[in-house]
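Can you make the complete structure from the sequences, with help from the hints?
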Amino acid sequence: VVTILLARIAMPRLFHEVDRTRSRELFLLTVLGAGLGSAWVMSEFGLSLALGAFLAGVVLADTDYRERAITDVVPIRDALTSIFFVSLGMLFDPRVFIEDPARAVAIVLALVLGKWITGSIAAIATGFAARASWLGGIYLSQFGEFGFVVLTIGASAGLVTPDETRLVVTAGVASMACSRTLMAFAPRLHAGEVILRPLERILRARGIDDPRRQERDLGEHVILVGFGVAGTLIGRALRSAGVRFIVLELNADRVRHGRAQGYPIYYGDITSPEAQHHAHIREAKAIVLVINDPDAARRAIAATRAISADVPIICRTR
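Going by our numbering, the first residue of the sequence shown is number 217, and it counts up by one from there.
Some hints here could point you the wrong way.
Pairwise CB distance ranges, derived in the manner of DEER restraints [to be verified]:
1. I523 / T297: 40 to 48 Å
2. D511 / T237: 45 to 53 Å
3. R455 / F362: 41 to 49 Å
4. R472 / W256: 34 to 42 Å
5. D511 / T377: 39 to 47 Å
6. D294 / A322: 31 to 39 Å
7. F401 / L375: 33 to 41 Å
8. L248 / T377: 29 to 37 Å
9. I369 / I523: 50 to 58 Å
10. F300 / C531: 36 to 44 Å
11. D278 / R514: 35 to 43 Å
The set of hints was computed from the structure by calculation and includes no laboratory data. Ideal Cβ placement from N, Cα and C applies to all residues, glycine included.
Right under this line is the structure:
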């Protein structure tokens with residue numbers, strides 16, 4: 217309740233008054249003061265400093281000044297992040313994999329595979345496309361920074377022994393290394409998408425963000441896949457020429473930006489049946505692919521050809 221009141225009433229007014237001073241230094245000090253103050257209040261109630269700082273971030277995220285706050289604290293964040301990972305490196309003990317290899321490897325696999333699977337399922341359940349869910353699960357498949365904080369608190373409270381702490385910290389750092397390797401190969405790993413397709417139907421997830429916002433009377437239109445720099449330029453040219461088109465994009469920020477500019481853009485995966493139906497591929501005049509992932513482009517072409525063998529496909533290459 218207190219957090220909601222701060223987020224809705226007190227914090228916006230405070231930052232509005234600070235913003236009126238036009239002082240960047242005062243704004244930064246206010247952001248830091250909010251974080252440190254919240255952490256101190258939580259510690260006075262017997263809770264962790266990390267929880268207090270987290271709640272301060274939640275409150276700030278609900279204000280109109282969140283983007284400016286993020287921009288101003290980036291240098292401090294980067295410096296503290298560097299210190300944090302240096303401390304993690306000092307806690308990493310490779311001897312754990314020699315002394316207790318079975319448990320160490322089991323924890324690494326549990327962290328990577330467990331978070332990978334749960335992250336993918338959670339994304340599918342909330343309506344994301346299969347490919348986005350699969351890749352999102354890969355990017356989350358590591359022991360999180362907050363987990364190290366919680367582990368440290370547990371060790372300080374005597375809930376975890378020093379040997380267990382050393383084992384989990386070492387396995388957690390190893391999971392970070394594994395996840396970085398998986399990220400490099402993620403665009404080439406397609407098996408998970410095939411597995412998630414049936415789950416997508418079972419959970420009634422959507423390959424398109426809002427099928428109710430159906431474009432009316434689509435036909436003889438252009439389907440533009442990708443809305444980066446090149447996609448934006450093509451969309452602008454199509455709109456100027458009066459050509460009917462629809463845009464499919466898997467980057468939520470680009471979707472929001474495109475909609476703000478009045479483009480008929482949807483968060484959707486061209487390889488998903490829902491997005492294909494929504495975009496009326498069979499009635500399209502042409503499909504323009506401007507995506508940076510060559511493997512994704514090849515799969516998009518294959519999925520399109522499975523529906524329509526005649527529609528012209530224009531694909532950007534390098």
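Now for the hints, and whether the structure bears them out:
no.	hint	verdict
1	I523 / T297: 40 to 48 Å	holds, 46 Å
2	D511 / T237: 45 to 53 Å	holds, 51 Å
3	R455 / F362: 41 to 49 Å	holds, 44 Å
4	R472 / W256: 34 to 42 Å	holds, 36 Å
5	D511 / T377: 39 to 47 Å	holds, 46 Å
6	D294 / A322: 31 to 39 Å	holds, 34 Å
7	F401 / L375: 33 to 41 Å	holds, 37 Å
8	L248 / T377: 29 to 37 Å	holds, 36 Å
9	I369 / I523: 50 to 58 Å	holds, 54 Å
10	F300 / C531: 36 to 44 Å	holds, 42 Å
11	D278 / R514: 35 to 43 Å	holds, 42 Å
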